[in-house]
Amino acid sequence: MSTQAPPAPTCEVHNPTEQWLRMDRIPHIWCPGCGIGSSVNCFTDALEKSKIPRDNVSIVSGIGCTGRTAGYLKLDSFHTTHGRPIAFATGLKLANPKLKVVVYSGDGDLFAIGGNHFIHAARRNMDMTVICVNNMTYGMTGGQVTPTTPLTAKATTSPYGNFEEPFNLPYLAESCGAVYVARWTSFHVRQLSKSIREALLKPGFTFIEVVAPCPTLYARRNRLGAGIDAMKYYREQSEIKNGAPTRDVALGFQSKIICGKFVDTSRPTWLEAQVQQHRAVLGDKFTLAENWEGVGEPRED
Amino acid sequence: MSTQAPPAPTCEVHNPTEQWLRMDRIPHIWCPGCGIGSSVNCFTDALEKSKIPRDNVSIVSGIGCTGRTAGYLKLDSFHTTHGRPIAFATGLKLANPKLKVVVYSGDGDLFAIGGNHFIHAARRNMDMTVICVNNMTYGMTGGQVTPTTPLTAKATTSPYGNFEEPFNLPYLAESCGAVYVARWTSFHVRQLSKSIREALLKPGFTFIEVVAPCPTLYARRNRLGAGIDAMKYYREQSEIKNGAPTRDVALGFQSKIICGKFVDTSRPTWLEAQVQQHRAVLGDKFTLAENWEGVGEPRED
Amino acid sequence: MKADPKGVLTGSHFIDGDHACAEGALAAGCRFAAGYPITPSTEVVERLASRFPTVGGIFIQMEDELASSIAILGAVWGGAKAATVTSGPGFSLMMEHIGLAVMTETPCVIVNVQRGGPSTGLPTLPGQADMMQARWGSHGDYEIIALSPDSPQECFDLTISAFNLSERFRVPVFVMMDECVGHMIERVVIPDPDEIEIVPRRLTDVPRGGEYLPYRLDGDLIPPMTHAGMGHYPHITGLTHDERGYPAMNAETQDTLVRRLCDKILKNADDIIEIREDGVDGADIVVVSYGITSRVCLPAIREARAKGLKVGWLRLVTVWPFPDRLIRELAGRVKALVVPELNLGQVYYEVERCAQGQATTHLVPHAGGAVHDPEDILRVIEEAAR
Amino acid sequence: MKADPKGVLTGSHFIDGDHACAEGALAAGCRFAAGYPITPSTEVVERLASRFPTVGGIFIQMEDELASSIAILGAVWGGAKAATVTSGPGFSLMMEHIGLAVMTETPCVIVNVQRGGPSTGLPTLPGQADMMQARWGSHGDYEIIALSPDSPQECFDLTISAFNLSERFRVPVFVMMDECVGHMIERVVIPDPDEIEIVPRRLTDVPRGGEYLPYRLDGDLIPPMTHAGMGHYPHITGLTHDERGYPAMNAETQDTLVRRLCDKILKNADDIIEIREDGVDGADIVVVSYGITSRVCLPAIREARAKGLKVGWLRLVTVWPFPDRLIRELAGRVKALVVPELNLGQVYYEVERCAQGQATTHLVPHAGGAVHDPEDILRVIEEAAR
Amino acid sequence: MSQVEKAKPKIRGEVIVDRERCKGCYFCVEFCPTDVLAMSEDFNLKGYHFPEIIAADRCTGCGLCGAYCPDFAIFGHRI
Amino acid sequence: MSQVEKAKPKIRGEVIVDRERCKGCYFCVEFCPTDVLAMSEDFNLKGYHFPEIIAADRCTGCGLCGAYCPDFAIFGHRI
Amino acid sequence: MSRTELRISGFGGQGVILSGMIIGKAAAIFDNKHATMIQAFGPEARGSACSAQLSISEEPIRYPYIHRPDILIALNQDAYTRFEPELKDDGLLIYEEDLVDLRPDQRPTIRTCGIPATRIAEELGRKIVLNIVMVGFFTAVTGLISPEAIREAVRDTVPAGTEEFNLAALEKGLRHGMNVSANT
Amino acid sequence: MSRTELRISGFGGQGVILSGMIIGKAAAIFDNKHATMIQAFGPEARGSACSAQLSISEEPIRYPYIHRPDILIALNQDAYTRFEPELKDDGLLIYEEDLVDLRPDQRPTIRTCGIPATRIAEELGRKIVLNIVMVGFFTAVTGLISPEAIREAVRDTVPAGTEEFNLAALEKGLRHGMNVSANT
Ligand SMILES: Cc1ncc(C[n+]2csc(CCOP(=O)(O)OP(=O)(O)O)c2C)c(N)n1
Ligand SMILES: Cc1ncc(C[n+]2csc(CCOP(=O)(O)OP(=O)(O)O)c2C)c(N)n1
Ligand code: SF4
Ligand code: SF4
Ligand code: SF4
Ligand code: SF4
Ligand code: SF4
Ligand code: SF4
Ligand SMILES: [Mg+2]
Ligand SMILES: [Mg+2]
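Protein chains in written order, with this note's numbering: chain A, 1 to 301; chain B, 1 to 301; chain C, 1 to 386; chain D, 1 to 386; chain E, 1 to 79; chain F, 1 to 79; chain G, 1 to 184; chain H, 1 to 184.
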């Protein structure tokens, strides 16, 4: 059944992702060929390159397979309730504006039950980076339909094929006011890492959709093969169109996937706008909290 | 203080709105110059002209001043919970597809607490007409800020001026897939009535924003005068641009108001898509409920 | 009324409690379900999603549990029998709409397959710690009905009862399963449709366009209903309302309304309450239990009896309304009441309350995630006997 | 620790309970509030919205109560003291996050200004029918603390206590006001900052980057906390977790965790519970009440005493944890316990339970929308005396 | 619409006010295209000014006043 | 980046596999640009095939294998 | 009896609550008495009838409700009609002279003092201070509160920048009250 | 004793639950006995260890859990290691011959029957029917269920269109079991 156990690699070099992981929790629960793990590599690589000190980064997840991400990262990490990581992150950020707050969660968590928090945080330009691993299903609960499941795809709760139009996530994000919107697949590891880095370094509400395989549920039920088959599909059917109008980037069942950075703009974050407005109206009476130094000062970007 | 009580008009002619009202509940609770009442005239006029039999129309409201509308209309009328009328309406419609279901509610109800139901119902093209009286505040609870309060406007919970970017409702509706999107002010009674009629007669998720005055709270706190002053502002500052790209129609504080029919398109409603998909996959095994006759048949529009 | 054959899968099936529950709903005439997936309840809606299209029913997966729990109320007013299904976290999100259902007297069924809590807790493991929540989880005063099956067969049977009770009393009825019962597989016998008794909705006989008062009583405490589209133009509101259904915000209307809403359940409690018992007459000690625990305690009772103790077994099939009178009387007759539950004390408090010091009361707590070791129950029985 | 003078509006004020509550939060060091307007609680957040910008605090009106109730948890982990404020319908929406706060041991304060329920009910009128909900409204087993002020002054004082208790026990603490107390205007004396005792957050002394276990106990049942940004990298989850904070989904971990979460409150109950009493020693009958009702019952007690009855007055300042022992002992000493509340029986059930048949117990129910007529209370006192 | 068919040189209308229902918002007065109405100096029982018909013959029955009136207190119709 | 500075004619890399962590997804094998890897016929203790290095000298240390690996079981680096 | 119970009633917009607030504040903060005010909100707190219950006492006030007020301040007819019957037989009725017509059969045991507060306020140029005029009048005719306390309370309560104007209105009311008192 | 307790264990993907389901169904539906099956889900119900408890009895089954099974079906090493100790001393161990190495000190009182179910399934052309092979084998060696019942149960349980193939696998298992039985 298996060959002799090989010796663990003895060299000093380490997998660069490891330093960002809670190694006492590895191996993780994700299935073979699940795309979440690949996205984590890109995230840690982006973190590394962003040079943001580890102590200043918080990661907040909801509930789901993707929602387990927070629990594997050696960061201040919060595994909240299903659908609410953005609302939690809002409080976290506002209480300590020095933090870079990242929300890492699944399509169901962020866009089914969590849709309202998403659109409001985007509208407010609440300062956080939201990474959505879109596997087009509820992985954790066993493969139900989500608001991103493509038309005709099967899921346990759409056993005869999904007939509900899914959201076009980049379009939704833009229409609510996100200042940075990108989509990649888990095949686009380099571009994804770069996008995450840009998003981390950009003030305001930044959003990245990562199309990724769920071989165990979504792919199996739709007879789409293993994770590697999804990755090949991404390789073949993706088209990079930076700046594409978001209304044109909707996804279909096994259709072409438009990837790229679609939105990169700028407006005051919620905290900046708050400080500016209150300072303007209240003058001397306005009091900045101790840990907000610099918030609301002019910035260049 | 008052002149002698004049005799009630004795003529046989009646206010055409009255036949649609529960006259035993009039006078209503709305303040002098409140725009909700004007919108109701337009709604009943549209209903009348739509020729949809009264017995087939249901009205569903959430909680708020506008939410009281359901209670004044002599229709099957449901005053649900704050933020949830669309979700209630979804069940109502699906259980009895013959009904024309209208959701009539306020900006806070539909877009603060109710935002998620709005975007999902639009995405699903759930067959209903949503009328939002946007007075840019929470009227019922005393004038708090809402997700549609313009920047710099004052409200009890933004006492120094609102600093949160509001939603651009038509843009949001379109990005989620509404098939009909229009905006009017309560000054545009003719156009509004026509739009409501069109929406009532159109299958799918149709949305109409009605910008209307809340003199008691929004206007008073912002020193904008009485209802009539708001109406004059609407008259002067509105610009009708049918077909305007929704992304360009955001509202500012006392700024120009772009009105018009912005979206008028077509795709299968949730029920139609369901029937079509299930019939295609299940063939003979698919069973239509007794009260769905005709649902899913080809339609012309 | 007999069940509509379309939904009845007559025959013997080897299925789990979740699936049996779905079949119960179908047999009871449920033709609308709105749900949101959550372990360990998801199988119920999955089965409905796959069965409904073949019987003219509609399943919709809503955006969340808030939406599911009010969509079913909409569907009921649209004419359907409707249910939603969830587990702890989702149940917590339904609390506001339970109040709305109570206030508007909307018959509906809510299934909660209980897992370990609080919070996300133990998603795949059992608990019975949402029992008090079912009774008290929404704001304001109200009464509901809650049933607790202990086998897949009962998941089927009691789901039908739940629909019937909800129609009789115009009240939300909870089927409070637990993960064990939900995932336990046994034979479930589904009878012929004409052996299944269904309570039809009691609709007003006021003709279309006639003067219908939505909350006018008609003989009993439960007003007859109407549906949208019947030409009665009811106004239905969660505000305190008079018999016309119109908001009437004052203490008098509140008193009339809220007391009636409670009374219609409390005054019919004897009629609603179902229990099972074995060896209670003449017992010194009675084990009061429900759900899976009523099966888990059996070896303990057998053992205790073998040791010569007179131990009775009392199972609450209906947990709410609580059988106050029954427990009070029982406490007057026995020495001790032993209450094992998969929580740290919930139904136990009710037993303690009703016992009024006449019998000693003994909780056998368990934090959930598994079932009791029968030994632990035995130990407490023996203690109680001392 | 003394209060930060920045937030303390020392002096005498003629304000209502809602405003006093806001000032209490400010004095207690609350610098973050997330809320969603709802009558009759809105004045609290309105005052915070206007006061916070001058003291370095942040108010954010969230999109709904679900968001408010978890945003405050985020803020606490970000280092703030935080609160949210609501009323019945909003409280029902917060139930899931109360469980999360309990499970993650996040100190926070939730104010519920109770109105008439169920459902939308009586938005502007009083009720006390969310008392059991505060205890049982979220799924799973847990214990919380709930306080019940009876005057604007106490709205100020008890809001400070609520923050202090929440920090001591790392638990959500509820300030269960009612509309009467919330909208009643009286003199509120705000002391000098150095007369206000504040419990600071108990943070770990593990240095940045050191090995910190978020749920390792340190002498008592309450583990010291950390904040995001302190270099401890805690993992905080609502799943059942071990002392590292890591999910550990099994019955043993569940038992250890959930029991501790309950024990930290129950074992410290004597320390937490505050009551007020008058004439209880030697009384035959004791009126047990809380909130506005503890003032409404006074004329009845005066009258009854005038008629020669020995009536004591007992007010529950702390409603949860319930003073089991106290009521049990009391029931052993008196003839009857009379419980007036603005509901159809909630805290009454607890009194009945604890009385264990030693004293008779008498509910004076009221469906809400107004307060009791003291005559009604008097009548029950007299009945109880017979 | 039937009224339009008979292309009369001048369309005539009638306006009816239920002054006790009026809350004095001024909409009808302001938006009547032919200035049929003016706000009375008097108050109704609720204490509001209400519209007076100052030029009934100018009324075209266009119905705008009724379409605007938030209190269902006025309406015009063709005669 | 320092490695790039020395513009060597051939960039050399090293790839390290932790086969026990591998779940046999094939990503690394498929996406290694220089075909350094192949799936072994053997199973690891968990029962998965794992990548074998079939052409170590072709490895450029580009790191792609590690960037793809969902199980943190492989990584390549420049030497 | 050391407790005086007072009902103030009118319609929304007349400043009923604010006037209760000022009287209560004068008593509780500046005269060192005890005062408890209960606000009665209509279902929607806008437009319709509006009323406040105020108790003023030397002792702490525990039971906060009033059933048979000692004093009724009626700002409109409706308030008079609704609340006069509950006024104590030896009570005091203070009313807006132009807005309230006393019934011919008004109980004679009740002392009544009218003031055209609205007219006075209009004369001052701002109708909305009618409540402040009334407060001044109340202070003078009842003597329950010291003029100093009521002045402080007004200053402390009205929006910044409007103090002087409001104080002027107060003095008008006070003076009017002195005359009436003198006259009674 | 009329009750037989049985544990089936392996890893996810081996069809543990389905095999329990089929045996239980054969007993409860087609052999008219009583059967109760308890599924143990791992935290995430994917990949890892997987196990089912099945009780079969002539009487109704009330207490549904099993502590000391009469029969253990171990589909991998882990299952054997974990659950063999709880097997009754006179129990029966049925195991996947190629995936389980019995300990040298395996209790001698326990009857053991191995079958290379995976290999047999692979020979049939579809590895995933290894559980059906095992079910057949179980039926033969225990005699707890009638072959007719188990055939019905398989037919009734497997996806439409795969009946014949699965029945073939079942027969393989049955036959293998007959031989073993014969051999023992
Ligand atoms: C309130 C609530 N409802 C439902 C659930 C059950 N639940 C857990 S994860 C999940 C879906 C996760 O899907 P997604 O966010 O797409 O993450 P994935 O597992 O696909 O990565 C659901 C419905 C829950 N935990 N809480
Ligand atoms: C769950 C819940 N939260 C809050 C409220 C209080 N509430 C009632 S109406 C309302 C706002 C209404 O605003 P909008 O929808 O804009 O209607 P408007 O009154 O402005 O017409 C709020 C917050 C409630 N009833 N229920
Ligand atoms: S179920 Fe799907 S999303 Fe979840 S870990 Fe497995 S492959 Fe990934
Ligand atoms: S408060 Fe505003 S929205 Fe509400 S009725 Fe009055 S004017 Fe209209
Ligand atoms: S529009 Fe109506 S309410 Fe307004 S002034 Fe005219 S009649 Fe009166
Ligand atoms: S019907 Fe037209 S013309 Fe006549 S009064 Fe009304 S608005 Fe003026
Ligand atoms: S990418 Fe990782 S898990 Fe996948 S085959 Fe390669 S080493 Fe194994
Ligand atoms: S580092 Fe690059 S070249 Fe080397 S094995 Fe990995 S993918 Fe191939
Ligand atoms: Mg997903
Ligand atoms: Mg509004």
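Simulated from the structure, these hints should not be mistaken for lab results. Please read these numbers as outputs of a predicted model, since none were measured by experiment. Any given hint could turn out to be false.
Taking beta-carbon pairs under 10 Å as the criterion, some of the chain C residues facing chain B (in silico) [to be verified]: (1) Ala-34; (2) Thr-54; (3) Leu-66; (4) Ile-72; (5) Trp-77; (6) Ala-269; (7) Ile-273; (8) Glu-274; (9) Ile-275; (10) Arg-276.
Don't be surprised by glycine CBs; every beta carbon is placed ideally from N, CA and C.
Going down the list of hints, with the structure as the test:
| no. | hint | in the structure |
| --- | --- | --- |
| 1 | Ala-34 | holds, 6 Å |
| 2 | Thr-54 | holds, 5 Å |
| 3 | Leu-66 | holds, 7 Å |
| 4 | Ile-72 | holds, 6 Å |
| 5 | Trp-77 | holds, 6 Å |
| 6 | Ala-269 | violated, 28 Å |
| 7 | Ile-273 | violated, 30 Å |
| 8 | Glu-274 | violated, 30 Å |
| 9 | Ile-275 | violated, 34 Å |
| 10 | Arg-276 | violated, 35 Å |
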